[in-house]
Every structure is written in C-alpha cells, then in structure tokens.
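In order, the protein sequences belong to chains A and B. The opening residue of the first sequence carries number 0 in numbering that gives the first Met the number 0; numbering runs sequentially from there. The opening residue of the second sequence carries number 0 in numbering that gives the first Met the number 0; numbering runs sequentially from there.
Source of the hints: derived by calculation from the structure; they are not laboratory data. Source: prediction; values computed, not measured. Please note: incorrect hints may appear among the correct ones.
[Stated by the list, open to error] Footprint (simulated), chain B over chain A, 3 or more residues, beta carbon under 8 Å:
#: 1; segment: 112-125
#: 2; segment: 135-142
#: 3; segment: 150-156
#: 4; segment: 178-186
#: 5; segment: 219-227
#: 6; segment: 268-278
#: 7; segment: 334-347
Cβ atoms here follow ideal geometry from the backbone N, Cα and C, with glycine treated the same way.
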Amino acid sequence: MTLILSTLNELTDAINQARETNIPLVDYGIYHAKVGHTPPEKHTLYSLSGDIVEHYVNDFTVTAHAGITMGQLNAQLIQANQFLPINCDDDLTLGEVINHNIYGAMRVRYGSIRDQLLGLHYLDNAANDIHVGGRTVKNVAGLDVTRLMIGSMGELGLVHQATLRTYALPQQVARVDLELTSLDNLAQQITDWMLGPAYPTSIHLRRMGDTWQLEAAYFGNEKANDVQVQALKNTLPEDESIVIADERRVNMTQHLIDGMKSRQWQRKCKTLVKIVVPPREVVTLANTLAQMGVTQISGMPAHGCLLAGGASLDSEMDQKLIKLLLTIGGIRQWITPPVYDDGKTACVTPFAPDQPDWEFLKKIKKTMDPRNLFNPGRFLENEVLA
Amino acid sequence: MQQHPVINQLTQIVGDRNMVTDPNELRVYECDGFPIAKGMPLAVVFPENTDQVSAVVKALNQHELAIVPRGSGTGLAGGSVVYDQGVIICTSRMTQIHKVDLENRIAIVQSGCRNSSLSEAIACTGLRFSPDPSSQRAATIGGNVCTNAGGINTLKHGVTTNHILGLEVVLPDGEILQTRANQCYDGIGPDLPGLLCGSEGILGIVTRVWCRLVPDPKAFRTIYAVFKSNFDACKTVADVIASGILPTSMEMMDGQMIQVVENAFHFGFDTSAGALLLIEVDGVDEILDDEMNVIMDIARQNNAFDIQSCKDAKRRAELWSARKKTFGAIGRISRSYCTMDACVPRSMLPEVIERVTQIGKDHGLQINNVFHAGDGNIHPILLFNEDKPEEVQRVMQASEVILEYCVSVGGTITGEHGVGVEKLAMMHAMFNKPTLDMFLNIKKTFDPRQRFNDAKLIPSDKLKVELHQAPLANVPGGAM
Ligand SMILES: Cc1cc2nc3c(=O)[nH]c(=O)nc-3n(C[C@H](O)[C@H](O)[C@H](O)COP(=O)(O)OP(=O)(O)OC[C@H]3O[C@@H](n4cnc5c(N)ncnc54)[C@H](O)[C@@H]3O)c2cc1C
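Using the sequences provided together with the hints, build the complete structure.
Okay, here's the thing in structure tokens:
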C-alpha cells in the first residue's frame with residue numbers, strides 16, 4: 000500500500016511514525032522507481048500530492064508543493080504565458096525532478112533544475128520544517144542546502160515545497176530535424192552552432208534504426224526563429240553528412256507533448272541506462288553503444304548525456320561500458336537495470352564507476368538523516384566501493 | 000617575543016618567501032573589504048599547490064590553531080578575518096590555469112587564479128567564464144566560488160554556482176576531496192559542489208575549480224533611460240521582467256548617484272534626473288532591435304524622459320565604465336559610507352526603494368542607491384560622518400531596519416556579499432532554529448573540531464563581533 004501524503008500534518012505524522020517504529024519511508028518516484036539499491040524489506044511506501052502554492056507571475060517565480068506533477072504545474076503556468084523548461088514526462092512530481100536532477104534537451108539554454116531552483120522546504124528526521132534558499136533570484140544567506148538536495152534521491156530529507164524560476168512562453172518553437180550519416184562531425188558542429196547565431200535552445204540526439212537524428216529547436220518569435228533556422232542551414236557541411244530531414248513550427252504545448260511521445264520508448268524498455276561523459280566523448284560513447292548493438296539511444300550531446308536501452312543491454316555489456324568510462328571519464332546509472340532469471344534482482348550495480356566524493360557523501364547522509372528514515376540504502380548507504 | 004613553533008613547520012612546507020609573520024606586514028591581512036571586522040593573524044601562508052595546502056592544514060591542526068582561507072580579501076562581509084590568533088591560508092599564489100578545454104567547454108584552474116586572468120586567457124576562443132563581479136580584476140575564482148559571486152551579467156547568465164562543474168577541496172582534516180566526475184556536466188548523488196559554493200570557507204579550502212565556459216555573446220544593445228523618480232525607474236525594471244524579456248543586465252542609479260558620477264567623471268548624464276537605468280540585451284543581432292524597442296516602450300510608459308540606445312562598442316564601454324566607477328565617486332561626497340546588500344522579489348522594487356529612502360529619512364541619514372535592479376539586488380549606501388558616534392549608531396540601526404523590511408517582503412539579507420561576520424546577527428531573521436542547527440551539523444561533518452573559519456556564516460556564541468564602526472570611504476567597500 001502506498002500512503003498518499005498531501006498536508007504538512009500528514010507528512011509530519013508519517014515521519015514521527017517512521018521514527019517511532021523504525022520503519023523507514025520510501026519514495027523512489029515513477030520514472031526512477033528502479034534507480035538505486037532496493038529498499039529494505041520493511042518500509043512504508045509513500046508518494047506526495049500537491050498544487051501550486053503561489054505563482055508570482057510578475058516575478059517569474061513559482062512556489063509549489065513537491066507533490067505536484069510537472070504536467071499540472073506546466074498546465075497552470077502556461078495559462079499565465081509561462082513555463083518551466085524541464086524536459087520530463089507529465090506524471091513526474093516536482094519532488095522527483097529535484098531528487099534526480101532532471102534535465103533534458105532544453106538544458107542548452109535554460110540549464111537544469113539545479114539552475115532553476117531558488118529555495119525549498121523539507122522535513123528532517125525529527126519532522127522539523129527546514130527552509131533553505133528563498134524567493135529571490137539571488138541569495139547567499141546560509142549554506143546552499145537547496146542545491147545539495149538536488150540529485151539526493153530523496154535520502155537527505157523529505158522535500159515538500161520548492162520555489163523555482165519560470166520563463167516566458169515563446170511565441171513558437173522552430174524545430175529542425177537533421178539526419179547524420181555519421182557522428183564524426185557532431186561535436187564540432189554543436190560547438191559551431193553555440194558560438195554563432197545558430198545557437199539552439201535545445202539539442203536532442205537520437206538513433207532511429209540505423210541512422211542518427213539530431214533535433215535542434217529554437218524558441219522565439221517568428222522573425223527570430225527565421226533568422227536562427229537560416230543561420231543553422233548556413234552552417235551545414237557541404238558534404239551532406241548532415242542534412243535536413245524535417246522542419247516544423249509548433250507551439251510550446253505541442254513541443255512538450257511531442258517530447259513526451261519521443262520519450263515513450265524509455266518507459267517500455269526492458270533495460271535503460273543513463274550515461275554521462277565529457278561532451279567531447281559523446282561520439283565515442285554513442286558509436287560504442289551502436290557497435291554493441293544497442294538500437295535505442297537518445298540524449299543531450301551538448302552535455303555529454305545519453306540514455307541507452309533495449310533487451311541487448313546486459314551485465315556483460317555493462318562491464319564493457321564501465322571499462323570505457325574508466326578510459327574516457329564519466330559515470331552511468333541504471334534507470335531500469337537488467338535482472339537475473341528471477342525477474343527481480345538486478346545483475347548490475349546501480350551506479351558506476353565509483354566517484355571520489357561518494358565516501359564523503361555518506362557522511363552527509365548520516366548527518367542529515369541520522370535515523371536512516373528516508374530512502375535508506377538507495378544510493379549512499381549500500382554503495383560498495385570497488 | 001618567542002615565535003610560535005608552527006611557524007618553522009609552515010616555513011618548511013611552503014618556503015620562506017611564502018610566509019608573512021612580520022607584524023607590520025600582517026596588518027594588510029587584518030581585515031578584508033569590510034574593515035569594521037578586524038583581527039590580527041599569527042601568520043599568513045601562501046601555498047603554491049594543493050599538496051602544500053594539505054600539509055599546511057595538517058600542521059596547523061597539530062597545534063590546534065584556527066584556520067582562515069583567503070583569496071584576494073575583496074570580500075565585503077568580514078569572511079576572511081581571523082579571530083583567535085589563527086593563521087590565514089591565502090590562495091593568491093595558486094594562480095595556474097591548468098587546462099582550457101574548448102571541446103568540453105571547461106577550464107580547470109587553481110583557486111587563486113583571478114577571475115579576469117581566466118577571462119583574458121580565453122578571450123579569443125569565443126567562450127567565456129560568465130561570473131563577472133566588479134572586483135574581477137582582483138578577486139580569485141576560489142573567492143568567487145566561496146561567496147557564490149554575482150555580477151552585472153547575473154540576470155541572464157546566472158551566478159557562480161551555475162558555472163561550476165567540480166571542485167577540489169582540502170578538507171579541515173587536511174585530506175583532499177574531489178567532487179563530481181572529471182569534466183562531466185553531471186554527477187550522481189547530492190550536489191556537493193553546489194553546497195560548497197557560497198560556503199564562505201567554513202567547510203574547507205577550495206584548491207581547484209572546474210569552470211564551465213559558455214559562448215560569449217557577440218551582439219548587444221545598450222539602453223540608457225533617464226527618469227524623474229526612483230519609483231518610475233523601478234517600475235520599469237519590474238515591467239520589463241514581467242514582460243518576459245530577459246536582459247543581460249538592468250542596473251540602476253538614483254538621482255544623487257547620477258550627480259556624484261557626473262561631477263566626478265563627466266559622462267554627460269543629466270544631473271536633474273531622478274534615476275537612471277542601464278539595460279543591456281545580448282543575443283542574435285537581427286532580433287535585438289525588437290527586444291530593445293519593447294524595453295524602450297516600457298521605459299516611456301513609465302515616464303522616461305530621455306532614452307538612448309547604442310550598439311556602438313565605444314559608447315557601450317563608456318556607459319558601463321560609468322556604472323563601475325560609481326563607488327569610487329562616493330568618496331567625493333562622503334568620507335564614510337556603508338554599502339548594504341539585500342535582495343527582494345523584483346516586483347517589489349518600487350515599494351522597496353521608496354521604503355529604504357523613508358527609513359533613511361526616519362534615521363536622519365542620506366541614502367543613495369546604485370544596484371543590480373534586474374535581480375532585485377539592492378545596495379543602499381548610507382552616508383555618514385564617522386566622527387559622530389551617534390550617527391554611526393543610526394547607520395547601524397537603519398541597516399537593520401532595512402534588512403528586516405527586505406525579509407518581510409520575501410527578500411533575503413544578502414544577495415551577493417555573504418554573511419561573513421557582518422550579518423551573523425541577522426541570520427535569525429531568515430532561518431528558524433532547526434535550519435540553523437542543520438547548517439551547524441553540516442559544518443561539523445566537514446570540520447568536527449570547528450577550527451576552520453569558525454563562527455562565520457552560522458551564528459554561534461563563540462563570536463560576538465561589535466559592529467560599531469563603519470568603513471571609511473578610502474577602503475573598498477561596496478559592490479558594483
Ligand atoms: C570593489 C568591489 C566590488 C565588488 N563587486 C562585487 C560584485 O559585483 N559581485 C559580488 O558578488 N561581489 C562583489 N564584491 C565582493 C567580493 O569581491 C567577492 O565576494 C569575491 O568573490 C571575493 O573574492 P576574494 O578572492 O577576494 O575572496 P576573499 O575576500 O579573500 O574571501 C571571501 C570569502 O571566501 C572565503 N574564501 C576565499 N577563497 C577561498 C578558497 N579558496 N577556499 C575556501 N574559502 C575561500 C574566505 O574565507 C571568505 O569567507 C566586490 C568587492 C569589492 C571590493
């Protein structure tokens with residue numbers, strides 16, 4: 000059974016109960032339900048629900064409960080001609096987005112949730128309401144625990160409210176789908192775009208069958224988009240190694256819906272892994288994955304991040320992948336890990352290769368969650384350093 | 000007087016030329032850009048690399064001495080001041096740029112590298128390190144990281160934390176820690192570099208920084224709009240933000256500041272003006288005129304009586320130079336002044352600036368304003384005569400009332416200068432006890448013995464700084 004918690008009282012009660020019974024609270028989210036080590040056998044599953052607390056329309060900031068879904072949040076912001084530029088599915092809660100440092104193709108221009116989060120409230124082990132950061136776009140009062148919480152996988156406290164920047168809804172999105180015969184020129188091409196007027200708002204790479212496609216998108220008014228799309232066309236190589244496959248203009252709502260459609264494969268995949276490498280190495284990574292026979296690949300080449308999925312990803316391939324990452328630098332985490340024949344137990348470690356700060360992060364976990372009440376063991380506690 | 004035994008040990012680690020122990024020379028390190036707070040260090044050590052920093056920290060720990068990290072000492076909150084006869088570890092000789100990696104858009108620098116040195120080193124690459132505090136010629140990148148410095152560009156391009164990918168830190172026990180994956184744009188787990196940014200040296204010494212480089216915009220439009228009143232200028236700022244346009248910067252000067260700057264530097268500003276806004280947009284050349292026109296329309300609707308725009312590099316440089324020289328000019332009208340730093344929601348600016356002026360009147364003080372209006376980051380400058388203790392007292396009272404008011408409208412006690420020792424007492428206005436306890440617990444996780452820049456940033460019983468003097472005009476005191 001999953002507890003659905005909405006009010007601060009309900010959250011406080013749940014924490015008090017967890018403390019009294021020593022039964023931890025567990026929320027792995029929806030998209031990340033299989034990320035990390037499995038929770039201890041005895042636990043209380045919970046999820047949050049929520050709404051917008053206040054939309055400061057003229058300040059371009061919004062305060063919302065962590066339990067609000069991104070779909071709900073954006074639907075309300077869009078009514079005020081604003082939006083939150085995070086590429087993620089509508090059913091993810093804001094809390095899940097924060098806990099997993101979600102970003103997508105729009106990171107090129109808008110950054111990740113790390114850049115958009117201004118403040119948050121969380122409950123600690125003793126159910127104290129901790130408030131860090133605030134409503135202003137600049138703030139250096141106190142330690143920046145707001146950012147520490149990003150990517151913490153719900154292990155450091157129970158985030159229940161957050162304040163974020165919002166952005167003006169663009170008049171239109173101009174999307175250009177490019178087909179690439181090879182990835183050889185990709186890194187250079189992206190750099191060229193970023194250094195000139197063709198600098199896209201969003202860049203997304205995906206493998207379609209045997210070919211690579213790149214979607215460059217521009218957010219602006221018609222005139223701005225005309226200028227930028229033309230600039231992009233002007234940079235395409237003469238050898239036709241990158242050609243335009245499709246071009247269209249849509250509104251933001253449609254763009255977000257299309258984004259979700261293009262991510263549907265990730266949910267259906269038997270296995271899915273997120274890999275981050277130095278941006279220059281993304282071509283090596285993508286080519287290696289393709290050579291391994293991985294057909295489902297997509298990602299954010301400008302930030303060196305790829306998602307790869309499909310039946311072929313198993314523990315043997317994982318070993319090869321880790322070996323590659325030890326050479327080129329980088330990390331990987333399984334979103335949906337391959338499993339043993341029992342159909343349940345993952346046959347790979349959730350995160351690898353080990354990072355030099357993990358040992359220290361364990362100390363932070365101990366400080367912030369001394370009773371080990373929040374998603375215990377998911378990332379830090381059980382991490383076995385090789 | 001007998002020399003402390005640690006001095007010999009430290010000299011062996013860093014060499015004679017990297018030590019200062021002479022009391023006369025030590026005076027320079029008695030304070031930072033917030034000269035109200037003063038403390039004489041036992042010594043100042045200038046390590047040249049991470050291993051030396053680590054060895055120095057371990058040696059100081061053996062002697063149970065307090066340790067204070069320092070970059071260039073331009074901080075404005077007393078963050079690098081020593082109490083308890085501790086030792087300053089100054090990074091200003093760790094200036095190397097290890098690597099500029101254009102393909103990955105990353106620069107790896109030693110923390111003592113000055114902000115402008117990195118900018119100069121990458122000037123021709125089309126990329127830049129975006130954080131641009133006005134102190135960038137002097138301030139170190141490590142200092143920028145530990146204060147999470149902002150600048151004129153912040154409005155569109157973000158503060159330091161938005162541009163840091165990884166850090167190497169010498170922890171208070173002398174161990175070396177590297178955060179986040181090498182040259183990657185992402186890590187796994189809690190965001191440790193995020194926590195270290197703005198930590199004001201209480202968690203360790205940053206020794207190396209992985210800086211994100213971003214494309215350097217090539218096309219600009221700069222708008223100069225003059226208003227009869229502060230209110231109209233602030234309303235323009237609020238309306239531009241509400242329009243959804245995101246300028247690179249929106250800086251404001253009030254009428255008195257315009258007069259001061261004009262009298263000092265003769266830029267051709269209208270001295271009858273009540274307020275002036277400098278606004279800049281950057282991006283794709285062909286579309287900047289449209290954005291500029293929208294902003295100019297908003298300014299007109301708010302009664303701007305003189306609006307000029309330029310895309311000419313020379314005039315642009317002049318206008319920004321005027322902005323950057325404002326603080327230098329204040330010294331011409333007042334020997335003493337106190338520059339405050341707070342941040343409020345942008346929509347509140349018109350009310351906030353009116354209220355600040357009123358608070359000044361209530362306390363019989365002249366308050367001038369020059370600030371990062373687009374961020375809501377105000378810097379009221381309180382002028383006074385330091386020879387009149389009663390006036391100094393009024394300055395301190397007015398400062399407190401202003402900060403309390405800013406917090407009450409959803410703002411913060413500091414937008415960019417930090418807490419240091421200056422704002423310790425105000426932390427209770429911002430945070431509840433459990434939050435302050437949590438800060439202290441994090442501090443203890445890094446520094447169980449609590450000897451590392453202790454009693455800064457987090458209020459404690461250990462340090463009660465008497466802030467009864469105010470800075471003189473001839474010391475750097477104010478953000479620009
Ligand atoms: C004229 C002037 C203009 C300014 N303009 C701006 C501005 O526009 N925006 C802005 O944000 N600030 C501004 N400042 C404030 C100041 O310059 C910044 O805070 C700057 O980032 C400090 O850098 P620094 O190297 O001088 O650090 P310091 O002053 O030496 O130290 C600042 C704090 O950081 C800690 N610290 C420094 N280096 C390290 C390190 N390597 N590891 C651990 N801790 C460290 C210190 O202990 C201290 O707490 C200005 C100051 C002046 C004097």
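Closer than 8 Å, Cβ to Cβ, for at least three residues: run that test on the segment 150-156 of chain A against chain B and report holds or violated. holds (count 5)
So is the segment 135-142 of chain A in contact with chain B by the C-beta rule, three or more residues under 8 Å, or is the coverage claim wrong? With 8 residues close enough to chain B, the hint holds.
Coverage assertion for the segment 268-278 of chain A with respect to chain B, Cβ distance below 8 Å, three residues required: holds (count 4)
Within the assertion that chain B covers the segment 178-186 of chain A, do at least three residues meet a Cβ-to-Cβ distance smaller than 8 Å? violated (count 1)
Coverage assertion for the segment 112-125 of chain A with respect to chain B, Cβ distance below 8 Å, three residues required: Holds, because 4 residues of the segment 112-125 of chain A bring their Cβ atoms closer than 8 Å to Cβ atoms of chain B.
Chain B over the segment 219-227 of chain A, status - at least 3 residues with CB closer than 8 Å: holds (count 6)
Per the coverage rule (Cβ-Cβ under 8 Å, at least three residues), is the segment 334-347 of chain A covered by chain B? violated (count 0)
Hints 4 and 7 from the earlier list are contradicted by this structure; the remaining hints agree with it.
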